[in-house]
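Put the two chains together into one complex; each comes in its own frame, and the hints tell you how they fit.
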Amino acid sequence: GQNIDQPTEMTATEGAIVQINCTYQTSGFNGLFWYQQHAGEAPTFLSYNVLDGLEEKGRFSSFLSRSKGYSYLLLKELQMKDSASYLCAVRMNNAGNMLTFGGGTRLMVKP
Amino acid sequence: GAVVSQHPSWVICKSGTSVKIECRSLDFQATTMFWYRQFPKQSLMLMATSNEGSKATYEQGVEKDKFLINHASLTLSTLTVTSAHPEDSSFYICSTGTGTYEQYFGPGTRLTVT
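Protein chains in written order, with my numbering: chain A, 1 to 111; chain B, 1 to 114.
Zero decoy hints are in this set.
Mimicking DSS-like on lysine-lysine, the simulated pairs with C-alpha atoms at most 27 angstroms apart in a straight line are: (1) Lys41(B) x Lys110(A); (2) Lys76(A) x Lys41(B); (3) Lys81(A) x Lys110(A); (4) Lys64(B) x Lys14(B); (5) Lys41(B) x Lys14(B); (6) Lys64(B) x Lys41(B); (7) Lys81(A) x Lys57(A); (8) Lys41(B) x Lys81(A); (9) Lys55(B) x Lys20(B).
No wet-lab data here; the hints were simulated from the structure.
One chain only, chain B, in its complex shape (with noise of 0.2 angstroms):
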């Protein structure tokens, strides 16, 4: 199957600062990710969907100005947490697929803000 990585595996900020997190697909070209989110012990909610070279479409409720995603190449989305505050501290999760029915997700990111 297809392999995604993401960077970092975990990271503490203080509140107020910015963190950027990588999604990179490694074996193959992906025009769309998707980017989640996962609250102790809930369910994946999608955020956005990233295509390479355009806007990402948000989910309802989810702030594009707080949430910046980039996806500038085929093997590499970003999601940054700007301003980032407690209520952000969660589980963040990028996903893709390769045009079968099959999607790939990657480790996921722990962000605590402090």
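So here's chain A without its partners, still in its complex pose (with noise of 0.2 angstroms):
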């Protein structure tokens, strides 16, 4: 089985900069994903983690550690628009591109 663990919540202050982290727990690990999503929309897609290490993409950058199960999403900069739910996914082998989500984690950005 697999198991997949985000924070429900979280709160940050507009210009500063968050971790979101995710914790996972899967036989055939085959790639992490992050996914952002606003309420009433549909997901989209922010970064992709296979392999160790972090992958930086503007503001946003994702780290991730195999061994030890462990991902992050790191957001620079905050703006008030960063205020979404961010969606931590895995995919195993076998599996096709069938994606586990974890229980997604509620950011609000404050001015």
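Rendered as structure tokens:
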């Protein structure tokens, strides 16, 4: 089976940096994804990690440690529009493109 | 990126009726599509994997006779919620992949059963 854990809610201040953690326990890991989802909308792709290390893309970065079953999403220079849910999802071997999602982290950015 | 559409975007139906939701891949052939359900303030829960030309694979706890999935062509999968009840009210999202790592989501369908 698989178990994917994220904090339920986080609050941060506009302009600051926030790190959203995700831990997972799966059999046959084959990639980890981060998605952003605003209320009432579909998730949008943020990042993909399959090898250890940091992937940077503008204000967003994602880190993966396969040996620790751990990832984080780092958001810099927070903006009010970054208030959303952030979903960590794992793809397993032999599962094609099927993703298993964590519970999501609701981030609230305050002025 | 690939484009996935869903129809309708929202629907209200009476308890006991059936509702069909369509998911279309607009610019590529999708042999596999995924159907998710999302309750308020919760994450996406995979309901079933829809395979073109064959039966869908349902996740544990999802009633296949209640949530009928048809994937008759490479660009269309449908989810029919039969004999809907208020507890079926949810946000239903489909997705598919192109064989690369990224998965593309439809805009979602909000179902409200009264």
